[in-house]
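A.B. asks: Sequence:
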Amino acid sequence: DGQSTWTQPPSSSVSPGGTITVSCTTTQSSYRIGWYQQKRGEGPRFVHCDGCSRGEGIPNRFTATRSGNTGSLAITNAQAEDEADYYCGSWNNGAIAYVFGGG
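Per the numbering used here, the very first residue in the sequence shown carries number 2; after that it's consecutive.
Honestly, the hints are just simulated from the structure, not real lab data. For each residue, glycine too, the CB sits at the ideal point set by N, CA and C. Keep in mind that the hints are not guaranteed to be accurate.
If you anchor each label on the Cβ, the simulated ranges turn out as follows [stated by the list, open to error]:
(1) Glu82 / Ser30: 25 to 35 Å
(2) Gly19 / Thr66: 14 to 24 Å
(3) Ser54 / Ile21: 26 to 36 Å
(4) Glu82 / Gln4: 29 to 39 Å
(5) Gln80 / Gln4: 33 to 43 Å
(6) Thr22 / Ser54: 19 to 29 Å
(7) Ala81 / Thr28: 27 to 37 Å
(8) Gly19 / Ile59: 15 to 25 Å
(9) Ile21 / Arg41: 11 to 21 Å
(10) Ile59 / Tyr32: 17 to 27 Å
Capping the alpha-carbon separation at 25 Å, the derived lysine to any residue pairs in SDA-like fashion look like this [as the list claims (entries may be wrong)]:
(11) Lys40 / Pro10
(12) Lys40 / Ile59
(13) Lys40 / Asp86
Whole structure, please, built from the sequences with the hints as guidance.
C.D. replies: Structure, rendered in structure tokens:
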């Protein structure tokens with residue numbers, strides 16, 4: 002099972018109350034595509050993945066979907082508190098560790 006490749010476009014911005022969608026493409030088809038939020042000075046926090054429950058305390062304004070090998074995370078009614086780096090990655094409920102790229 003060789004290493005998978007994950008590609009995300011450059012940063013995006015949205016006005017408060019607006020909607021933004023971030024996407025990523027992967028060569029990994031075995032697992033769901035998970036999304037993680039990282040605010041400055043904090044560790045990554047699981048947000049959502051296609052076909053699974055949101056992370057603890059994550060509002061339903063965050064919605065993950067998948068089409069083929071492309072995953073998307075939509076944030077509706079964006080709030081100032083949503084400002085963060087968002088990473089995609091393979092989501093495996095049994096995993097005990099994750100490795101994140103540089104964003």
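A.B. asks: Find the hints from earlier in the document that the structure breaks and name them by number, from lowest to highest.
C.D. replies: 3
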